[in-house]
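Enquirer: Listed in order, the protein sequences are those of chains F and H.
The first sequence lines up with residues 0 to 217 when you count with numbering that gives the first Met the number 0.
The second sequence lines up with residues 0 to 434 when you count with numbering that gives the first Met the number 0.
Don't read these hints as lab results, they were simulated from the structure.
Some clues are possibly wrong.
Facing chain H, according to a computed beta carbon distance under 8 Å, are these residues of chain F, among others [unchecked claim]:
| # | residue |
| --- | --- |
| 1 | A40 |
| 2 | H47 |
| 3 | I101 |
| 4 | T128 |
| 5 | C139 |
| 6 | D144 |
| 7 | G146 |
| 8 | L150 |
| 9 | S181 |
In silico BS3-like links for lysine-lysine, alpha-carbon gap of 30 Å or less [unchecked claim]:
| # | chain 1 | residue 1 | chain 2 | residue 2 |
| --- | --- | --- | --- | --- |
| 10 | H | K70 | H | K148 |
| 11 | H | K190 | H | K70 |
| 12 | H | K148 | H | K135 |
| 13 | H | K277 | H | K248 |
| 14 | H | K280 | F | K157 |
| 15 | H | K183 | F | K38 |
| 16 | F | K154 | H | K20 |
| 17 | H | K148 | F | K116 |
| 18 | F | K157 | F | K116 |
| 19 | H | K70 | H | K33 |
| 20 | F | K154 | H | K359 |
| 21 | H | K148 | F | K160 |
The C-beta atom is built at its ideal place from N, Cα and C for all residues, glycine as well.
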Amino acid sequence: MSWKTLDRNQQAVDPDAPPVLSDAIRDRIRSFFDRYETKRAVLLPALHIVQNTLGHVSWQAMAEIAELLEIHPSDVMNTISFYTHFWTHPKGEKVITVCRSITCEVMGGSAVLDELKQQLGVDEHGTTTDGRYSLVTEECLAGCDHGPCLLVNEKMHKCVKPEDVAKILADSGNDRLSMERSELFDVPAGTSEHALSASSSGDGNIDTTSDVREMRES
Amino acid sequence: MATFEPVLLRNVGVEGARTLKVYESRGGYQAVRKALGMSPDEVVEIVKEANLRGRGGAGFPAGVKWSFLPKDRTHTLLCVNADESEPPTFCNRVLMESDPHQLIEGTIISAYATQSQIAYIYMRGEFHEQFHILQKAIDEAYAAGYLGKNIFNGDFSLEIYIHRGAGAYVCGEETGLIESLEGKRGWPRIKPPFPAVEGLFRRPTVVNNVETLSCVPHIIERGADWFTGIGPSHSVGPKLFCISGPVNKPGCYEAAMGITVRELIERDDMGGGMAPGKRVKAVFPGGVSMGVLSAEELDMKMDFDDPRNYSLLGLGTAAAVVIDQDTDMRIVLRNMARFYGTESCGQCTQCREGTAWMHKIATRIAAGAGRLEDLDLLLETARNMGMMPGLSICGLSDGATYPIETIVKKFRSELEEAIRSQPAGRVDRVLQVLN
Ligand SMILES: Cc1cc2nc3c(=O)[nH]c(=O)nc-3n(C[C@H](O)[C@H](O)[C@H](O)COP(=O)(O)O)c2cc1C
Ligand code: SF4
Ligand code: FES
Numbered sequence: 000m001s002w003k004t005l006d007r008n009q010q011a012v013d014p015d016a017p018p019v020l021s022d023a024i025r026d027r028i029r030s031f032f033d034r035y036e037t038k039r040a041v042l043l044p045a046l047h048i049v050q051n052t053l054g055h056v057s058w059q060a061m062a063e064i065a066e067l068l069e070i071h072p073s074d075v076m077n078t079i080s081f082y083t084h085f086w087t088h089p090k091g092e093k094v095i096t097v098c099r100s101i102t103c104e105v106m107g108g109s110a111v112l113d114e115l116k117q118q119l120g121v122d123e124h125g126t127t128t129d130g131r132y133s134l135v136t137e138e139c140l141a142g143c144d145h146g147p148c149l150l151v152n153e154k155m156h157k158c159v160k161p162e163d164v165a166k167i168l169a170d171s172g173n174d175r176l177s178m179e180r181s182e183l184f185d186v187p188a189g190t191s192e193h194a195l196s197a198s199s200s201g202d203g204n205i206d207t208t209s210d211v212r213e214m215r216e217s
Numbered sequence: 000m001a002t003f004e005p006v007l008l009r010n011v012g013v014e015g016a017r018t019l020k021v022y023e024s025r026g027g028y029q030a031v032r033k034a035l036g037m038s039p040d041e042v043v044e045i046v047k048e049a050n051l052r053g054r055g056g057a058g059f060p061a062g063v064k065w066s067f068l069p070k071d072r073t074h075t076l077l078c079v080n081a082d083e084s085e086p087p088t089f090c091n092r093v094l095m096e097s098d099p100h101q102l103i104e105g106t107i108i109s110a111y112a113t114q115s116q117i118a119y120i121y122m123r124g125e126f127h128e129q130f131h132i133l134q135k136a137i138d139e140a141y142a143a144g145y146l147g148k149n150i151f152n153g154d155f156s157l158e159i160y161i162h163r164g165a166g167a168y169v170c171g172e173e174t175g176l177i178e179s180l181e182g183k184r185g186w187p188r189i190k191p192p193f194p195a196v197e198g199l200f201r202r203p204t205v206v207n208n209v210e211t212l213s214c215v216p217h218i219i220e221r222g223a224d225w226f227t228g229i230g231p232s233h234s235v236g237p238k239l240f241c242i243s244g245p246v247n248k249p250g251c252y253e254a255a256m257g258i259t260v261r262e263l264i265e266r267d268d269m270g271g272g273m274a275p276g277k278r279v280k281a282v283f284p285g286g287v288s289m290g291v292l293s294a295e296e297l298d299m300k301m302d303f304d305d306p307r308n309y310s311l312l313g314l315g316t317a318a319a320v321v322i323d324q325d326t327d328m329r330i331v332l333r334n335m336a337r338f339y340g341t342e343s344c345g346q347c348t349q350c351r352e353g354t355a356w357m358h359k360i361a362t363r364i365a366a367g368a369g370r371l372e373d374l375d376l377l378l379e380t381a382r383n384m385g386m387m388p389g390l391s392i393c394g395l396s397d398g399a400t401y402p403i404e405t406i407v408k409k410f411r412s413e414l415e416e417a418i419r420s421q422p423a424g425r426v427d428r429v430l431q432v433l434n
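Next up, chain F with everything else stripped away, as it sits in the complex:
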């Protein structure tokens, strides 16, 4: 999770803004209602659905989810702030998640992370200025038999060496699973047609700043 804070004069949610959750998203969230005894229990599925379709969960989206699930917006805040997967501000089209746990570290994962930071020009939690990639680290991804490993969105890359990084970044299909998918959760925003054409037209020169740096400066 990486946060941007609001100052006290800023309005978190503009009451006049149009809703961000489309009817399709709302229907999809509602389709989870009969799985659980409480509506609140649909919160994690709802957050996944919203993030997968809109890219991140904005304050406005949190307020609308709260309304849909008949809970207080602070309940949504409370939950979302606990989990590392949810973004409350825009992330890149693809999120690269590097494992930092023990097997991957012993097998050379830190060098892979350093290489990624260098090639993308971002720090952990940073997003490239062209919006293509965000970089995060996480604890064990349960792929230790193939460490060091990393995820690009949904796709696991195994036994990654620093010299593989450039190739992985250059591959526009680096986040796509080559298997039958279940339709229960939406395709992540990063694999939309738009994103695919954007990333395949990239020239490989990634001009970046880190939003971590941006946050520090502001």
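Given chain F, put chain H with the ligands in place with the hints provided.
Expert: Chain H with the ligands only, in chain F's frame:
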């Protein structure tokens, strides 16, 4: 030993094993038919007799846990713990991606035994392929009438839903998992009440690990005596062992318990020995939370009892990672301390503060600004965090102390040596950066 025939992994590598058709052609879904012909209590009795101890880390007998459910209950819920977040554990992943129907069959039988109407599979958010594989398998089972209303044309009905997590180690703890399922922070609950009495949505709830449930069909099919005949008397049944790190064949292997750590590393049908040029320096044999073994302790038996003889917490997840001679123990120490420092949920003061301080101290040591007294400070912090039973809400706090304590105790001379040989002047510079 060499005659051990894999049970849980028998379908791994079989073409199309993820499909219902192939699974059934290899004897699948026979056990559930047999179980549905018995009374639920009979099934519980068989699992109890088999002494199936939980594979998720705590080793509590599954049948006994099931019999804690109140007799007069009307609703029961089953949670399948597929959170698999203990580094470096991946055996549940292998089970789900290679043989999803085995887990579904085990879940149906266990749900029937506990009279649960809904089973939630709590799957960590990082499992994407595994989610699609398992969901496809569940869809197939629904289509075949093995899930849903009146399954197998009988009286029993069961829904299985996958609930996806979102990145938090502590959601693998059973009450953290329950809170997370309810849409809240994954904060473990104070026990009692235990989940069997008051769990998910305040209903009687059973939480079991993926591997535990995957054993159940085989117990029903082949009987409790078959199960108790495998391995030493206190640790029966087939068991999955993970091995990772610089060995020739990292992977997930099945064996009877009681094999030694050395066998797991060396055997040709397992780790296949150390990678060229690598020697063992240390091994975390049961997931990191159980603590570390030195290279002299590789004769430890991987079962529920022997780890205690080596100052470890237990068998844990039976997932071993080998640390080689080229790895600096200060880096390992920092990695451990960071893991618990960032994963502690923060409810209990000694866990929150202790893990955070151990992380700070370990970071300083790894950066080359350690002090000799830091080692005792780490031990003292660990003692204050985990050594008083009942002090913390969940087991993460204990799990955090064992790796730190065993690293410091078993590798003290290496750490001291490293601290002594820190270049002069470095300490001040590092402290400036860290502060
Ligand atoms: C911090 C912590 C994390 C845990 N993570 C997991 C996990 O990822 N998977 C799991 O099956 N059990 C995990 N457990 C153990 C569960 O609390 C529980 O004992 C287990 O799911 C019970 O299932 P079993 O009896 O079948 O082993 C964890 C425990 C603790 C204290
Ligand atoms: S022991 Fe640690 S992780 Fe467990 S409930 Fe307490 S603070 Fe949270
Ligand atoms: S340690 Fe990296 S995947 Fe497990």
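Enquirer: All hints, please: hold or fail.
Expert: For each hint, the structure was consulted:
Contact between F/A40 and chain H, as hinted, is supported at the beta carbon level, the nearest pair being about 5 Å apart and thus within 8 Å. Taking 8 Å as the C-beta cut-off, the interface hint given for F/H47 holds, the closest approach to chain H being about 6 Å. The criterion of a C-beta within 8 Å of any C-beta in chain H is met by F/I101, whose closest approach is roughly 5 Å, and the hint holds. This hint is violated: F/T128 has a C-beta 26 Å from the nearest C-beta of chain H, more than the 8 Å allowed.
Hint on F/C139 holds. Least Cβ distance to chain H is approximately 4 Å, under the 8 Å limit. Contact between F/D144 and chain H, as hinted, is supported at the beta carbon level, the nearest pair being about 4 Å apart and thus within 8 Å. The interface hint given for F/G146 holds, since its Cβ lies 6 Å from the closest Cβ of chain H, which is under the 8 Å cut-off. A hinted interface residue such as F/L150 counts as satisfied when its beta carbon comes closer than 8 Å to some beta carbon of chain H; here the least separation is about 7 Å, so the hint holds.
Nearest Cβ of chain H to the Cβ of F/S181: about 4 Å, under the 8 Å cut. The hint holds. Under the criterion of a C-alpha separation no larger than 30 Å, the hint pairing H/K70 with H/K148 is consistent with the structure, at around 24 Å. Note on H/K190 and H/K70: the hinted pairing holds, with a Cα-Cα distance of about 20 Å set against a maximum of 30 Å. For the given pair, H/K148 sits about 19 Å from H/K135 by alpha-carbon distance, which is consistent with the 30 Å threshold.
Only pairs whose Cα atoms come within 30 Å are accepted, and H/K277 paired with H/K248 is accepted, the gap being roughly 13 Å. Annotation: proposed proximity of H/K280 to F/K157 holds, straight-line Cα distance about 25 Å (limit 30 Å). Between H/K183 and F/K38, the direct Cα distance comes to roughly 12 Å. Compliance with the 30 Å bound is thereby established for this hinted pair. Taken as a hint, the F/K154 and H/K20 pair is honoured in the structure, with Cα atoms around 27 Å apart against an allowance of 30 Å.
Between H/K148 and F/K116 the alpha-carbon distance is near 52 Å, which puts this suggested pair outside the 30 Å criterion. The straight-line distance between the Cα atoms of F/K157 and F/K116 is roughly 18 Å, inside the 30 Å bound, and the hint therefore holds. A threshold of 30 Å between alpha carbons decides the hint, and for H/K70 with H/K33 the separation of about 24 Å falls inside it, so the pair holds. Proposed proximity of F/K154 and H/K359 is contradicted: the alpha carbons are some 33 Å apart, above 30 Å.
The hinted pair formed by H/K148 and F/K160 fails the criterion: a straight-line CA distance of about 50 Å is larger than 30 Å.
Going through the hint list in order, the structure does not satisfy hints 4, 17, 20, 21.
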